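*Asks:* Single-letter residue listing:
There are 2 protein chains.
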Amino acid sequence: MVIFAWLSTRQGNTVVYYPNRILKGLEPWEGGSRTRNPFAWIKEALSSTEQDVISMSGIDTAVYFVFMSTVLGILVLSGVILLPVLLPVAATDDAIRKHSGQTTSNGTFSDFDKLSMANIEKGSLRLWAFVACTYWVSIVAYILLWKAYKHVSAMRANALMSPEVKSEQFAVLVRDLPDVTPGQTRKEQVDSYFKSIYPDTFYRSMVVTNNKEVDKIWGELEGFKKKLVRAETIYAESQKSGGSEATRPTNKTGFLGLCGKKVDSIEYYSEKIQELTKKLEAEQKVTLREKQQRSALVFFTNRVAAASAAQSLHAQMVDHWTVMEAPEARQLIWSNLNLKFFERITRQYIIYIIVFLTVAFYMIPIGLISALTTLKNLRKYLPFLKPIVDQDAIRTVLQAYLPQLALIIFLALLPKFLLFLSKTEGIPSQSHVVRAASGKYFYFTVFNVFLGVTLGGTLIDTMKTIQDDVKGTPQLLAKSLPGNATFFITFVALKFFVGYGLELSRLVPLIIFHLKRKYLCKTEAEIKEAWLPGDLSYATRVPNDMLIVTIVLCYSIIAPVIIPFGVLYFALGWLILRNQALKVYVPSYESYGKMWPHMFKRIIAALLLYQLTMLGYFGVSQFKFTPILLPLPISSLIFAYTCSKKFYKAFCHTALEVACQELKQTANLEQIFKSYIPPSLIADKQEDEQFEDAMSQVSRSGSFV
Amino acid sequence: MVIFAWLSTRQGNTVVYYPNRILKGLEPWEGGSRTRNPFAWIKEALSSTEQDVISMSGIDTAVYFVFMSTVLGILVLSGVILLPVLLPVAATDDAIRKHSGQTTSNGTFSDFDKLSMANIEKGSLRLWAFVACTYWVSIVAYILLWKAYKHVSAMRANALMSPEVKSEQFAVLVRDLPDVTPGQTRKEQVDSYFKSIYPDTFYRSMVVTNNKEVDKIWGELEGFKKKLVRAETIYAESQKSGGSEATRPTNKTGFLGLCGKKVDSIEYYSEKIQELTKKLEAEQKVTLREKQQRSALVFFTNRVAAASAAQSLHAQMVDHWTVMEAPEARQLIWSNLNLKFFERITRQYIIYIIVFLTVAFYMIPIGLISALTTLKNLRKYLPFLKPIVDQDAIRTVLQAYLPQLALIIFLALLPKFLLFLSKTEGIPSQSHVVRAASGKYFYFTVFNVFLGVTLGGTLIDTMKTIQDDVKGTPQLLAKSLPGNATFFITFVALKFFVGYGLELSRLVPLIIFHLKRKYLCKTEAEIKEAWLPGDLSYATRVPNDMLIVTIVLCYSIIAPVIIPFGVLYFALGWLILRNQALKVYVPSYESYGKMWPHMFKRIIAALLLYQLTMLGYFGVSQFKFTPILLPLPISSLIFAYTCSKKFYKAFCHTALEVACQELKQTANLEQIFKSYIPPSLIADKQEDEQFEDAMSQVSRSGSFV
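Listed in order, the protein sequences are those of chains L and H.
If you count by our numbering, then the first sequence holds residues 105 to 809, one letter each, in order.
If you count by our numbering, then the second sequence holds residues 105 to 809, one letter each, in order.
These are computed hints drawn from the structure, not numbers from a lab.
Remember, it's a predicted structure, so these values are computed and weren't measured experimentally.
Be a bit skeptical, because a hint or two may be false.
To be verified - Listed next, the stretches of chain H that the computed footprint assigns to chain L, with coverage defined by at least 3 CB atoms under 8 Å from CB atoms of chain L:
hint	stretch
1	253-266
2	299-311
3	388-400
4	414-428
5	758-769
Stated by the list, open to error - From the derived model, a few chain L residues whose C-beta atoms are all more than 10 Å from chain H:
hint	residue
6	C237
7	Q415
8	W425
9	K705
10	Y780
Backbone N, C-alpha and C fix where the C-beta goes; we use that ideal spot for every residue, glycine too.
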C-alpha cells in the first residue's frame, strides 16, 4: 500500500494507475492537483456510489461489487454473533486438555485450537450453541442473497431500459439456417423469412461470413502499418538528432527479422501495405460473396420486437432458425456462429466430460510428466542442457523443484485451457465463454484445493469404505476438517496480503510498462498499447473469491477465528477493486449482469457444502440431536429453486416491459447495423469514418448486406 | 362383433352408434341405405384417411392413431424377424428337458415354455441370436418413433397454420397480475400494460372473474328450465290423450321431490325461473364488478403477435405477468386461474408426493379398510344390515368378496382421483389435466400391474438385498420374468377380446340409453343428452395401451409368442377405434397433438425397461458378452434427448413461421372475444344469438370487458 501511495503520485505512472479514467477522457485525479493525500483513494473508493461504478465500468463490475458486499455482509453478520458466542463457549471447555494423552500424538494443539469446536466435549450440551449458530449463518445468507438477487435484477432492468441506444438491443442472432433453395441467395432467404413474420418491425439482415482468411490478411496489414509508423518515427528521430545524414531504418525480410535480405524499412513496409491492401480488398469481396455461412444477424426497428423475437420459437423444427439475443458486436465470436445445433450440444457434452476428467484426474498426467522429466532423462534426451544441469547448485535446485514445476505450469495454464475449452463448446459470445470457464475453474479449485487438502491422503485409503457407504462422506470430511483449520486461515491471510498488495500496487504491469517504454515502444500507439489495462478477468477472479467463501463458510462454526480473516479479505478486496474498477480496468464487454446467477449458484453450493459438513461434524461429535440440522440443506435447495424461478429467466432474456421503455432519441438503424460489421470487412478507405459517413459502405458491401 | 353388426343396423340405435356423424349433421350411413353389409364398417375404417379422422375428430384423435400405428409397426416389424428366427432357435435347444430334474419342481413347463428363451442352455452360443434381436427391436423402435414424431410435428404445424380462424390462436392467458394501484381498475391496469408493449397488435382484454356463485345460480336456472320443458311436454301429452281433463303435472318442493308441499309444476318452475333470472342478473353484475381476479385473457389482432407474446417474458420478476397460450374456451378451467405462481408450483410438488405415495403404498389403506369392513364389524356398526348379512348365501359371498371389494372400488375410482389431483395442481386447461392424469395412471399401472405381478412376493423378501445392491434389480426382474410369460399373454388376449368387444358393440351405453329413453326422457333435449357420447378419454385409454406396450416389449425376446397377441391387440384396436372415432366419439377439446410427447416419452420408458430387463436376463443366462447390450439403454437416452431437443419445443409453443400463415378471411375479433365469455355470464336474453348479434352484449358487460 505504501508502495502504491508513493508510486501512484508520480507523473510517469499515471497511465498505469489511472488508465480507465484517461481512456474516458477524464483527468487522472479528480482535483487535478499533483500534491495530494496519498490515501485519498481510500476516501474516493468509499464515497463512490454504485452509479459511479456503473458509469465508469459497467453493470458487470457493479454486479461483482454486489457479490463482494453480499459475501462481506454474510461474514460480518455471522461474525458479530459467532465470535462473542462461540469463542467463550469453546474456550471454557477443555476437552483437549482432558484427552491430551490421546490427541497430542496426532499433532500439536496450539492456542488456536482451544478456540475451535474441537475443544468441546463430545456430546456436550454446549453443542446447542453451535447448532443455533449454524442456523444463524444460513438465515443471514438467505436474507442477504435474496436482497442481492432482487437488487441485481433491478440493476439489470434499469440498464436494459436505459434510454440510450444500444446496438445489441436491436439485433438478434439467428443460427442453424436451413439449406438455401436453388436460385436464392442466403440473404434473400433470411430477408423473406423474417419479413413474412415481422412485416412491420424487420429492418435488415447481415449474413455471417467465414472471416478467417480476411482476418488474417487484415491482421498482417495492421501489423505492417504499425511497423511503418515505427520506422518513420525512428527515422524522424534520427533526422532530428543526426541532421541530414540520418540513417534510414533497415530490417531483414527473413524469419523474425533475424535473417534474409536487408531492406529499407519504410519502403519495404509501404510496398507490403499496398500489396496487402489489394489482397484484402479482393479477399473481402470473396468473403462477402462466397463465404457466407448458416447464420445471420437480424436487425429490428425497435427493442420490443428484437427482445420478443429472441425469445420465440421460429421454426417448427427446433434445430432450424434458432434465434437468440445478439451479444455486443465486440464480444461476438464469429468463428463459432456456423456450428450446427446438435454439433453445439455434442461439443458441450464432450467438453463437460473432458473437464470432469481434468478436475478428477489432473494429477495423473502431471505425475507422468514429472516422472519423465527427471534430471537423468533431461540429460539423456536434451544433451545440450548437460553443461548447465551438471553444475552443482543448479542441479540441487532442479532436483528439488522439477516435480513441482510441471504442476505450477499446469496451474498457470489452466485458466487459459478452460477458456479454450469453453470457446470450443461453440458459445457465440465472449462473456458467456468467460462465465462457462469461471464455472469450470470453480469446480476445479473447490474440488482440488479445498476438498483435496482437507481430505488429503485419508480419502484414497478409505476409498473402498466410501463406495459402500456414500452417507459416510460428510463424516469423513468432518473428521479431517479441524486439523486443517490453521492451514486455511494462513491460506486466506496469504491470499489477501500478497494478492491484493500486488493488485493495488500494480507492480508487475508497472515494471513491464516501464521496460517496454524504455526499450521497445517508439510510437504513441505502441506506448498506449503498453499501458492498456485488461478487464477484471472474472474467469479466474470469481472462482478464487468463491474458494475463499467456501473455506470461510465451512470453517465458520468449527473455528470461528477464520471469520475476521474472511471479512478482511472481502473488505480489502472491495476497497482495492473499487479503486481499480474506477481507475484502472477497462471492461472488455458488457453482459448486463448475466454473471450474477452463476455467482449466486456457487454461493449456494458453498452454503450446501457448509451445511453438509456441519451435519457430518455434529455426527462425529456424537451430538444426539444432529438430525435437527437436516432441514438446512433442504431449505437451501428450496431457496435456490425459488430464487431461480423468480429471477433467473429475466437474466436469460430481456423482459418485454423493460424493452418497451421509450428511447431518448430515435435509433439510427444504419449505424446500429454498421457497428456489427467486423473491422476486417470494412473497406480500408473509410476505416476511420465508418460511423460518420458510410453511405458508400452500404453499396460496397451490397452482396453482404 | 356379431352383436355389433346386428345392433348397429337397427334404426333406433343409430344415435348410439353414429352420434358423431349425426352431431356433424351427416347421414349416419354414407350410402343412406338401410340394408347394408354388416361388415362395411371394416372397409370404411380401413379406407379412411388421416384427413378424415382430423376433420371428423380432430388432431388429438389423429395423433392417437399415429401412436397406435407406430406401436403396431414396431411389433409387426419385430415379429417378422423375431418369430422365424427365435422360435426355431429356442425350440431346438432343450435345456428344460435336460435339467427337468431341477426345474419341474418350480412349476410345470408347457409347450409354450419350449418356445421361450428359458429353453436355451445357459451360456450357449445361441444367445447371440437373441442379442441380435434385442438390437433389432430397438432399432426398429427408433426409426419408427423418429418418423412418427416428425409426422405428428408436421400434422400439428398444419393444423396450427390452417387458414380457419381459431379463437385460441388470437388470445393469451395472463396470470399473476400484480396488485392494482389505487384509483385504477384491473382492466385499466391490464390494458395500459399491454398497450405499452404492443401498441399496434393489442386488441382488448377480458379480466377473469370468480364465477363460482354465478355458475351455481346459472346451473340451477338451467335445471329448472329443463324441468319446465319436461313438465310442459308431459302436460301436452296428457292433453292429447286425455282431452280437456288433462292432469297438470305436480311435484313436491322438498328434498328430491319426495316430500314437501305439492305444487303445480309448470307454474312452480316458471316462478322459480323468473326469480332465478333476476338473481342471476344481479349476481352477474356483482361478479363482473367485484369478483375480478388476478388473471386475464388478452386478445391480439393477429396470430403472430399472440404466439410471440405467449412465449416471451413480460415482467422482470418472473412470477408476475406470466403469459401462456390461451387454451380453447371450452377447456379453460376458470377456477384455477387465480392461483399464484408459487402456489401453483407448491401444489404441483405436493401432488407429486401424494401420487408417489399412492403408487407405492396404495395397498396399505385398502388393506386397512378391508380389515375393518369384515362381516363382524359390519354387523356391529351397521345393525340394520343384520337381517341381510345373516342369510347364509349372502354371507358366504360377502365373506369371500368383501376384501376385494375395497380394491375394486379403489381401482374404479382411481382415474377420477388422479384427474382430481391433476386439476388441483392448478393447471388451467382440461387437456393438460388429462395429460397429467394419464401420466400418473401410467406410472401406477406399470409399477403395480407389471412390476407388481412380475416381482410379486420375491421383491419383499429380498428387499434387503436390493438396498445393498441396486444393480441387482434388473437381475431380480429378469429371474421372475419367464414364469409370468403365460400370465401376461393371457392378460393381453383378455384385454382385447373383452375390452374391444365391449368398445365396438357399445353394449353398456346402448342399454343405458334405451332404459333412459323408456323410463326417464320426455323431451327432445333429454333424449339427446342420453345418447350424447363422451370423448376417447385418453386419461385411461393411453396408459392402458402403454401397459400392453410395456408388457409385449419386455417379453418380446424372452417369449416371442407374445408378439402376435400384441399385434392383434393394436390392429384390432386401431380398426375398432377408427370406427368409433369416425362415428361415435365427440372430442371435448382440441390440444393440437400435445399428447404426443407424453406418449413418446412413455414408449421410450417402456423401451428402456425392456433393454434393462434384457441386460439383466442375459446376465442371469450366464452369457459372457452381456455388456454388449450396454450401448442400448444409453442410445435410448440419447435418442430421446435428441428427439425432445429437435421437436418438443414446437409442442409447447406455436412456432412463429407457423403462426404467420395467411388467414382465409380477416378474423372477426369481436366474435373471438365473445367466444371466451363463459355461458353463465352471458345475459339471458341474448343467450341463443350471442354470436350473431351481441352489440348490446358489449355494453352490458362493460365493466367486465
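*Asks:* Does each hint fit the structure? Answer for all of them.
*Replies:* Structure-based check of all given hints:
{"no.": "1", "hint": "253-266", "in the structure": "holds (count 4)"}
{"no.": "2", "hint": "299-311", "in the structure": "holds (count 4)"}
{"no.": "3", "hint": "388-400", "in the structure": "violated (count 0)"}
{"no.": "4", "hint": "414-428", "in the structure": "holds (count 10)"}
{"no.": "5", "hint": "758-769", "in the structure": "holds (count 6)"}
{"no.": "6", "hint": "C237", "in the structure": "holds, 30 Å"}
{"no.": "7", "hint": "Q415", "in the structure": "violated, 5 Å"}
{"no.": "8", "hint": "W425", "in the structure": "violated, 7 Å"}
{"no.": "9", "hint": "K705", "in the structure": "holds, 16 Å"}
{"no.": "10", "hint": "Y780", "in the structure": "holds, 23 Å"}
The structure fails hints 3, 7 and 8 (numbered hints given earlier, in ascending order).
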